[in-house]
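In order, the protein sequence lines correspond to chains U and Z. Under our numbering, the first sequence has 78 at position 86, and the numbering climbs by one with no breaks. Basically our numbering = 1-based index in the second sequence + 310.
Do not rely on the hints blindly, as some may be mistaken.
[Unchecked claim] With a Cα cut of at most 25 Å, we get these calculated DSS-like pairs of lysine-lysine:
no. : chain 1 : residue 1 : chain 2 : residue 2
1   : Z       : Lys367    : Z       : Lys321
2   : U       : Lys97     : U       : Lys(-6)
3   : Z       : Lys363    : Z       : Lys380
4   : Z       : Lys321    : U       : Lys34
5   : Z       : Lys367    : U       : Lys(-6)
6   : U       : Lys34     : U       : Lys97
[As the list claims (entries may be wrong)] Each pair of labels, with its calculated beta carbon distance range:
no. : chain 1 : residue 1 : chain 2 : residue 2 : range
7   : Z       : Lys363    : U       : Ile99     : 41 to 49 Å
8   : Z       : Thr396    : U       : Asn(-1)   : 26 to 34 Å
9   : Z       : His320    : U       : Ile99     : 43 to 51 Å
10  : U       : Ser12     : Z       : Val420    : 22 to 30 Å
11  : U       : Gln23     : Z       : Gly313    : 20 to 28 Å
12  : U       : Gly1      : Z       : Lys367    : 27 to 35 Å
13  : U       : Asp47     : Z       : Pro349    : 27 to 35 Å
14  : U       : Glu49     : Z       : Lys321    : 39 to 47 Å
Please keep in mind that the hints were generated in silico from the structure rather than gathered at the bench. Source: prediction; values computed, not measured. Where is the CB? At the ideal position from N, CA and C, for every residue including glycine.
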Amino acid sequence: QKEVEQNSGPLSVPEGAIASLNCTYSDRGSQSFFWYRQYSGKSPELIMFIYSNGDKEDGRFTAQLNKASQYVSLLIRDSQPSDSATYLCAAQDSNYQLIWGAGTKLIIKP
Amino acid sequence: DAGITQSPRHKVTETGTPVTLRCHQTENHRYMYWYRQDPGHGLRLIHYSYGVKDTDKGEVSDGYSVSRSKTEDFLLTLESATSSQTSVYFCAISDGGGYTFGSGTRLTVV
């Protein structure tokens, strides 16, 4: 059974601090990993993807991948109240399907 | 805009009636997916398609059928709606990478 695990939260972070979201996956054959943000009542939207070990930065967002540990993370620097949302982690399997975590609810407190 | 639309956006239907939800894309993507999202369950795959007339079941396919007669359209049918099918339904498209989601259909079965 292919699984992606996330802490459901909520994770509460003060405004301006770094928010750290984590995810583990079970399928060692997964090569690409995706982070989606979902606001309440809205559809998921892609924030970042990563397929190489190490860090990938895009503005305030940094995705980190460690294939040996089967671990993916998303860091949000200078967190803003508008970052409050549920963050979904997904691993792509060999059939190009995404295996989804249940999501972590992030709350940024002003 | 991502070029994916779902219709209707909201629907209330009675138990035992058939219901069809439509997903339309203008991106010419090969893969299309139907998910349902319920509190505490995250995204659950109902059916997916990897080409015209090529479809397969997901993890929660019982009570649902799909059709894809054209690249751009993917229909989800509830043959005889039940209250357990009250949910938010998302369609997603992919060209083999990350998914792009439609805005969702909120279905209530009374």
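Here is what the structure says about each hint:
no., hint, verdict
1, Z:Lys367 / Z:Lys321, "24 Å, holds"
2, U:Lys97 / U:Lys(-6), "22 Å, holds"
3, Z:Lys363 / Z:Lys380, "8 Å, holds"
4, Z:Lys321 / U:Lys34, "16 Å, holds"
5, Z:Lys367 / U:Lys(-6), "16 Å, holds"
6, U:Lys34 / U:Lys97, "14 Å, holds"
7, Z:Lys363 / U:Ile99: 41 to 49 Å, "45 Å, holds"
8, Z:Thr396 / U:Asn(-1): 26 to 34 Å, "28 Å, holds"
9, Z:His320 / U:Ile99: 43 to 51 Å, "28 Å, violated"
10, U:Ser12 / Z:Val420: 22 to 30 Å, "43 Å, violated"
11, U:Gln23 / Z:Gly313: 20 to 28 Å, "26 Å, holds"
12, U:Gly1 / Z:Lys367: 27 to 35 Å, "31 Å, holds"
13, U:Asp47 / Z:Pro349: 27 to 35 Å, "33 Å, holds"
14, U:Glu49 / Z:Lys321: 39 to 47 Å, "42 Å, holds"
Taken one by one, the earlier hints fail for this structure at numbers 9 and 10, listed in ascending order.
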